[in-house]
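J.: Position chains L and U against the provided structure of chain A, taking the given hints into account.
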Amino acid sequence: MSVVFFVLTAMTLAGALAAVLLKNLVHCALSLTVAFAGLALLFLELDAQFVAFVQILVYVGAVAILVVFAILLTRSAETPKAGGVFSRTWLAGLSVAAAVFAVLGWAVLESTPWLPQTTEAPAADVGQIGEALMSRYVLPLEIVALLLTAALIGAVIVAMHEKDGAQ
Amino acid sequence: MLEKADQVFVLLLHWLVGYLPAAWRPASGVLLCVVAIIAVYPTLFALAVLLERKGLGRMQNRYGPNRVGPFGILQPVADGIKSLTKEDIVPFNADALVHFIAPLMLVVAVFMGFAVLPMGRNMVLVDLDASLLFFFAMGASTELSVFMAGWSSRNKYSLLGAMRAVAQMISYEVPLLLSTVGVVMITGSLSLVDIVDAQNRYTWGLAHWNVFKPWGLAGFAMFVIASMAETNRSPFDLPEGESEIVAGYFTEYSGFKFALFFLGEYVGMFGIAGLGTSLFLGGWSSPLAVLSWVPSWIWFFSKVMVWICFFIWVRGTMPRLRQDQLMNFAWKFVLPMTLLNLLVAAEWRFVADMWLRWIAGMVIVVGAYVLMGRVGMRREHFGPRTYRYAE
Amino acid sequence: MIGGASPLAGYLLVAALMFAIGLAGALTRRNAILVLIGIELMLNAANLNLIAFWRYGPHPEVLTGMMFAIFSIAVAAAEAAVGLGLVIQIHRHAKTVDVDQMNRMKG
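Protein chains in written order, with the working numbering: chain A, 1 to 167; chain L, 1001 to 1391; chain U, 2001 to 2107.
The following block holds chain A by itself, in its conformation from the complex (with noise of 0.2 Å):
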């Protein structure tokens, strides 16, 4: 536990807190990046570059993108008027979510004397986890490009469906 992991917890931790509280959607939006960029930075402090480098570049770049474009197309920049930001049921959800976290918390806590202690760094270069794609977990592969592919051609179908209606 060294300061850095205390410094980047607090930065996504906050950001993530602040993702989910503020009322600006665009700044829930940004404050979620904020999120993203210190969970890659957790991962390079755990030794995982190359997952750290592909976080950054998918989430920073792809889905905070995604998810500032759909704010912007479906105009919920604007805060609402009348009934506030959260939902009429908050406290029922605040609870589940408290629940969630007390179990999970105390699961780990109760299990911390058995959890490993081994602190030198694991090797994972590219080409281990190149070939470890190509050999191993080649079917996991093949099976996420076909998602891939799949929610491509969802996408767009569900995006061009409304243009010949608009017409």
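In case anyone wonders, no lab produced these hints; they're calculated from the structure.
In the BS3-like style, the derived pairs of lysine-lysine whose C-alpha atoms are separated by at most 30 Å in a straight line are:
1. L:Lys1086 x L:Lys1054
2. L:Lys1086 x L:Lys1156
3. L:Lys1082 x L:Lys1156
4. L:Lys1082 x L:Lys1054
5. U:Lys2095 x L:Lys1156
6. A:Lys23 x L:Lys1156
7. A:Lys23 x U:Lys2095
T.: Only chains L and U this time, still in chain A's reference frame:
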């Protein structure tokens, strides 16, 4: 002597760091490198701006800047002083915090990319295992700062410019990434240092640059197109088309923050030119074996400057594209070409016979270009122009 | 307590807290996009867990946790694209993205 000239900056660094206690050496070495990068590229930026204004002026039959200093070469200094002393205006309705962060984020992300570029033999700040991925990750984070700038200004021109910029950068990031995959497939490494080293070999006195191979040539062409779009250069300068939307996403910026955007844009250009040089043009290696006595960093920086001159030339030559042309070009021509190029790279990797792989590679590249670029575009019939309003 | 014990416990607690924050956001906010943001946060918390277990687990050389994280990132990207596409489509139909008002199936 010549080796000394080649390694002059490395030796200088070691000499400077040598005066410090041993415990400080690694950290201060990195710090010195960072300072050097932050000093060199803005200087090149000033040079490039002057070159661009003079060159464009010549192309358009006018003089360009010629008032400050002899032949106007002190113009960048005057511009710098002007932008530093101007009032910094933040619009009344603007989101002050986001408005403030956006240019800083852009500049930081753009400068981060230089950490992994090999600028000469042994001249790289960090030799990461996945440095190509790192560069693209940093490039991807500039998109968000562009959006932040446009959205926080509360100006419809800014927002339009930002949306255009983000859509364009996302669309061209895919071919930009895919055009480099061929190089990675052949080299078998994501490290830019390894990629440059693999090109630093000579047959019959000619270098093994990736651009001299069919997959490399096609990849290089696609990379150049995509990099122009990625850096919002003309003919892909819709995000800041001054005849349509004032200045795009940085309309509401003035003074030093505007200068930061300007700097970020040009330094981003240097970054992507440096990346393309490392991937396709052999980085710091010389084109001919007989010229390898020239210091490696001279090769790198002159290649980058030639690349910048090419950008300026294109800007002086091409008209701006329309939005639908831009998108059609990205998704219907550049992207399929890069995907086919992967096929060519795979063929190159697995066909052992020298002549067969040359011929097959050339056939696929030229055939795809003729089919998609020539025949496909001719079939395109242009109907009467229709207008769809945004809402 | 956290400082003295295994560093893994710290990462697991952070991931748990992040998961809880995401869950709370998904369950309490009215805007559908915010619900998606909450889901993204939860997925990211899971990724942190995977990477932490890979780093401190007994067999880091087989890269299981890292592969899980990479696939999870790819799936999450697809999920975000389709989810946001659906939100935009709902907005076109119902002119709202408020999940409290999406109650046409209510008996």
